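Undergrad: The residues making up each chain are set out below.
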Amino acid sequence: MLGEGILKGLGETARNFVGSFVSEDRLTTVEYPEQRLLPIENTRDFPFLVYDGADPDAGLRCVSCQICEKECPPKCIYIVKSTDKKPDYVGKPQFYPARFDIDISVCMSCQICVEVCPFEAIKMDTEFELSTDDRFGGLILDKHKLAKSNEHFQRIHPTEAAEVDARLAEEKEKVEAKAKAAAEAAAAKTAAESAAAKTAAESAARKAEDGSSGSDAEGVKP
Amino acid sequence: MNSATLDQFFVLLQHHLSALFPTVLQPWVSMILGVVGIVAVFPAIFALTTVLERKGLGRMQNRLGPNRVGPFGILQPIADAIKSLTKEDIVPRSADDVVHFLAPVVLVVAIFLGYAVLPVGRNMVLLNIDAGILLFFAVGASTELSIFMAGWSSRNKYSLLGAMRAVAQMISYEVPLLLAAVVAVMMAGSLAPTAIVQAQGGFTGIFPHWYVFTPWGFAGFALFVVAALAETNRSPFDLPEGESELVAGYFTEYSGFKFALFFLGEYLGMMSIAGYGITLFLGGWGAPFSFLTFIPSWAWFFAKLFLAIFFFIWLRGTLPRLRQDQLMNFAWKFMLPLSLLNLCVAAAWRFLGECLGSGTVAEVMRWLVCAAVLVLAYILLARTLLRRQNIRPRSYRYAD
Amino acid sequence: MTLTPYLIVAALLFAIGLGIALTRRNAILVLIGIELMLNAANLNLIAFWRFGPHPELMTGMLFALFSIAVAAAEASVGLGLVIAWYRHSKTTDLDEMARMKG
Amino acid sequence: MAVEPDLKIELGKQGVFVTTLNELYNWGRRNSVWPMQFGLACCAIEMIATTMARYDLARFGAEVFRPSPRQADLMIISGTVTKKMAPQVVRLYNQMAEPRYVIAMGACAISGGPFKQGYNVLKGIDRYIPVDVHIPGCPPRPEALIHAFMTLQKKIEAQPLTGEARPRHLNAEAQGEFPVPVPSAHDLNPPVNRLVWPLPAPNPGESA
Amino acid sequence: MKTSEQVLSELLAAMPEVKVSLLVNPSASAQHSLLVASEDALRVAAYLRDQLGYDYCSNVTGVDWLDKETTEKRKTSRIVLKQVDGVEQSVEETVEETVKRVDPGYLEAVYHLFSMKHGPTDPHPPLVIRMRTGNRSDAVELPSLTPVWRSAEFQEREIFDLYGIVFRGHRDLRRLLMWDEFEDHPMRRDYVDPDDYEYEPTPHDDVLKRAEQQRLQAAQGGAL
Amino acid sequence: MSDLAIQSYLPPVIEVESQDELLEVAMGPHHPSTHGVFRMDVALDGERVVRLKPVFGYLHRNHEKIAEKTTYLASMPYTDRLDYFCSMTNNWAYALAVEKLAGIEVPERAEYLRVITAELTRIQNHASAIGFLLQEMGASGTPLMYAFREREIILDLFESLSGSRMMCNYMRFGGCRVDLPAGWLDAARQVVAGLPRFIDEIEALLTSNEILMARSQGVGILKPDLAINAGVTGVMLRATGVNYDVRKVDHYGIYDRFSFRVPLGEHGDIYDRYMLRVLEMRESVKILEQAIPQLPAGPILDPKSKPRGFRPKPGEAYGRIEAPKGELGFYLISDGTGNPYRYRVRPPSLINLTILEDMCLGQNVADVVLIFGSVDIVLGEVDR
Amino acid sequence: MMEGFIFGLLAILTLVGALAAAVLRNLVHCALSLSVTFVGLALMYLSLGAQFVGLSQILVYIGAVAILVVFAILLTRGAGALTPHRLIAAAGWRLGWIASVAVGFVLIFALVRSPLPASGDQAAKVTVLQIGQALMGPYVLPLEVVAILLTVALIGAVIVAMPEDQKEMR
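Protein chains in written order, with my numbering: chain C, 123 to 344; chain P, 2 to 401; chain H, 277 to 378; chain W, 294 to 501; chain E, 14 to 237; chain R, 14 to 397; chain Z, -5 to 164.
Don't read these hints as lab results, they were simulated from the structure. Treat the hints with care, as some may be off.
In silico DSSO-like pairs for lysine-lysine, Cα to Cα no more than 27 Å straight-line [said to hold, decoys possible]:
#1 C:K296 x R:K82
#2 R:K317 x C:K203
#3 C:K267 x W:K447
#4 C:K192 x C:K296
#5 C:K267 x C:K214
#6 C:K265 x E:K81
#7 C:K130 x C:K214
#8 R:K319 x E:K81
#9 C:K197 x R:K82
Since we're looking at a predicted model, the values are computed, not measured.
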């Protein structure tokens, strides 16, 4: 009969109105600046560069292989490779980015850079409060703004970070064991050994540069 | 302070204040005080209503609504007012600037006039004239012209279409609105709002003699409410400003202060029509139960007003809007016959009362007869309406 | 106040209404003129009722009421005719209507 | 605009009163920002989500989405502005009454974002109209929009009403109408409004 | 449903005069297609729809095939008269020469057809029919299949817009996506984007170079 | 060729008394009800629509051109932005086409994950579509709010799975990108358990509402033969009574393992479309209830699939799925390089609009808005 | 004194409105100024103590007649541009004005010369109740006639203004 459906609808809204005072299901508002949603672990927003230790410059994992720059769908990464090298987390000398810019006014948060990075150097941040009235100053993030510590990574993505840390530690162990073995085997040939390490690192970097190979971390092992 | 003084608090205040002036000026001062009262109180309620509406809608939609400006967001309308008053006032180049300016002014002035005869409490009416209800309808009729002025002067297709719709709708619903109101006038035997309220004054047991508790009164009230919704362009009859088709209806081209005036006018119109609905059917300033009469009359009036406003908000939060032709059909093919029938039923009620005499059995008989006629008519009319529109619930088949 | 000023106003109103009806070409405006003349008559009725010898009889007032009702009827039919004519001939110009003769 | 010049003079004359009036005015403007009902692409959905129950932009008094640009204060450019759409956006902006604000929501609105390699995509709406707040993200989370909204509020609050730094709408010489680009055979004409989008430094990245 | 080969043979059986051939798709999907001559297309389409039940034309699209320049080395053997030991003899000699061949480019319209009539449970690969224009510049007309399948209406307009194929017999052939004043066909493979990266803040070399160029130009010309 | 008598399906021509009495209105591209930046050039005779031309391209973002300039994988995040309500199904359709092109198998667990995410997507899309339809009908947002309330819950699931609320970029050629995080399945089970209550609520609010019925029944009627000829798919098609659901037709993925039914309409009007969306939500809940407990263990990505250096053999493929809006297809031509030679999206939203003119002619303007809303389009997909 | 002042204001309002309706070029402006006249008249009735008639005047003339006129103008596309000067005036417009001015003159002359009752001090209090009783009592026949007239006029107007094709449908 005419009016029945309308009354039913009115009942539904009334239920929600009353419910909003008594039930949490019926008042789903999260008052953002004061309250926040529980962080979701996988959340991704913009990339950042992970560094180990305390010094962002020294501990940056990025070896400036430029894979992410090539694979980035909207082409928002800009890398200038350094001319010199510095040791990475296993102590192997590597290139590092002299300049690493991400234009987050272009970035589409697709995570492809993270997927393709063989060095676990670039990860996704969860920071979203980036609105600014300064388009260039605020939205083009340089190396210093991008660099965030591994602790930060562990805090925002604990599961992934734990995995990554375990893998890196394992690698480091392997490398150290190898180095130890090599050192024991050829303790005398110190000069020759250091030269070999250098070539290995170079070849790894070359491999990494080549787009078709080096898709996984194994590729970098000396 | 006893309850009687509290009840007459504002009347006495007006009296004492005007007594400070020389005798010649006293009626004028008293009048001005009344006007000031209306002009101060109702816009304040309007401001409160906007924030309550936004919060109420929010609650219906599982959210909070404005709550950051001032405590509980209560200062929100003040911020809106400051913003609106200082916002640039744009008059479109091709617009008719005089009419464009006059339209909102005429609207607000006309609607304020309607408050002159609205009794907001015992002895609290600005003009106690004989033909008060007629004044209300006359004033309501002139708001249509201002809406037309707004739509026409903007020289915008959407505005003009919105205005045409609004005027057509308001004219159509004015008829059932008037006819619904006439029932109460008939019974009270007066066009004066105060007399109508007084006619609903007494109590049977603890229950009051409000017209809404009679079959014809209830039907009249329901019809009045529906027509009032349409008359004030509230959901589900908010077609003139139907933003899904017409952007913002007749005030599309209005900005800043003038837009605020329209906004004000619209809400004042809603409150005034709600006030008359209360006066005609809900016993005006009367208390709902005999043991509650100690609460001042004006408090009852405003309590009822807020309830009515809440009802409007509730409807708005629930219902989608009708289409123009359905709206018209509804007015002419459903509302009009039903309200005419309701007139007859009211007359019958009167005569049955005289024929059957007094006594509980006679009362109940009368009640049942009148109610049955109305319910029957309602069912018949509703059925025809739905059948003509070919509306029915459906069932669905599935393919595996 | 006396009766005369009201009657003068009514007379002026009547003259203006007559003027509109006689001089404008638009059919709607002609109707407006006729309405004005009716209103002038109404004003007369009310004024005579008010200043007449027997205001308590309400004759003038009631007559004015009926006149308003009749005027409303007249306006609705008149405008309906104008619209119908406009549908037919696409003009509201009386001179042209006369020229076309249907 | 009628009120503004008078207000300005008034404010200039009276020393102590200025701050209070200034504050009151900015408080009113800040707390009653009505956005225009206007969405372009993906970000529009997040904008709608922001007004919905969980995030509830209404708490800031900003759920009054006005369908008509005349009554709106804020234009949230939510999504990709294509070259075909750009003239309409500028026209809408021109129709808004002062004071008016623009939030460029999402990568596309700021710079063309992921689609900036496209031939029909405008490389940032700030080529044609002044933007007050940029929100990066694709799309930005609803909280990010609220954050931008608060950033805008702070910006309004900090605006002095007199002097050089006064907002555009109190500056009589400031541009009111912005030139609307015309679609032509290969591109929009002009491709950029130099008054809002000046020539950048040779290497803007360096300065950051 | 039938395979493309079966459809082809049925078509040729019914209308032996039409020019239809099978194009084999070497990829894993094995969705082969029928190449239909443009003058027969409408008849073939109508037959497919009305007789073979392909009542649903799902996808219509254009493809741009550029002029293809193939260089191949060919070994040709020919008989040459040579002085061998003073005597003229005909000797067979193998010569290697490079031949440059230019296959003219063309635009292609591809239609993917399905059947709704024949069973909502019968899985079938799409029947693909294609039509080719004569070249990429002046002979770009193809018959419109909108009269047969209404679903082609907007898609053919889109192809007209983005590829520049002119569909004869289309009821409303205007640009679909780009504005009406636009003159290019942007999905063609040789289309050059308007140079509007000028002020991109993205610090990529070429963009920076262009920004610098623009700056210089502006400094010289003082253009706004 | 003119000797050929072909039965064509063309929109009706509305007779008008005189052309100059028509009111030409351009609804859009910023019109409040056009779901973004769509424009309709409408000619009105009074309130009756006598001519209607849709105008597209205000959101033409050159998706196809960009895809042809970049690698196969890099297009995946762009597909998220096609129909920005349904990134999961877009991902799936694209992955399916590439899998067909390159002949990649999908592990079983990944197939289940795809079904689960796709059906969740369908539910939130249909809920939002109903909400927007009611918004157009002027319901001041309440149904939309309820729809978005549930959508937020589903988006939370997506976010915890893929990292992003809307732009999931979750699927890969030959599987999915990441496995489920801990506790996801339980959360999903809880969400699915709560969905019937939500659908009941929406139905109580709307289904028997007389105003909704009055506005939608008998309005915007679409005939089945025209719908088929015009390539209309999805809910729009099934509301006319044609039984065609790509999930059932193509048996793609693992939909054969679930028992679900395809609701069919009868009148092909707005109300049928509304009801079909509601009923499809219920069927999706059924699928989810079956799929979640059945989820097998195993790998989620085909080992042949690699993120970089993906070069399928030359050839072409057309892959399609039943997206919430209709048949979403991807047509790819490979020339053996890392970039597709031709990349084409078959957008259901665009093709479903073909019959907009047919449905709207002769109707009231207010109905046009509703009819348009009932088609359920997303401009990102229409214009690409 | 006060009464005279109010009367003067109202008279000016009424006459200016009427004059504006007579000379303005835009039809909608004419209609709007006409409603100003109606308001002026209504106020005059009110000041004369004819409350009921005054309010009825507003209800009927503003709420119905003015709106009807405006609608008619819109429906006949007369609301758009200004009417060109040459199209405002009817063929014999000079004659018309002369005639109307003459009529007005004669009327006023007659008024001034005729002896009129100058009472009106006794404020006759007429209540709505009395009007109702009069309408239901001695004036019941005219009331019925007017009612029938209105109904017929309503139906007639609808039929006249209905488009041809719809008429045939009935």
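Undergrad: Compare the structure with each hint and give your call.
TA: Hint check:
{"no.": "1", "hint": "C:K296 x R:K82", "result": "violated (41 Å)"}
{"no.": "2", "hint": "R:K317 x C:K203", "result": "violated (32 Å)"}
{"no.": "3", "hint": "C:K267 x W:K447", "result": "holds (24 Å)"}
{"no.": "4", "hint": "C:K192 x C:K296", "result": "violated (30 Å)"}
{"no.": "5", "hint": "C:K267 x C:K214", "result": "holds (25 Å)"}
{"no.": "6", "hint": "C:K265 x E:K81", "result": "violated (45 Å)"}
{"no.": "7", "hint": "C:K130 x C:K214", "result": "violated (72 Å)"}
{"no.": "8", "hint": "R:K319 x E:K81", "result": "violated (31 Å)"}
{"no.": "9", "hint": "C:K197 x R:K82", "result": "holds (12 Å)"}
Of the numbered hints given earlier, the model fails hints 1, 2, 4, 6, 7, 8; all others are met.
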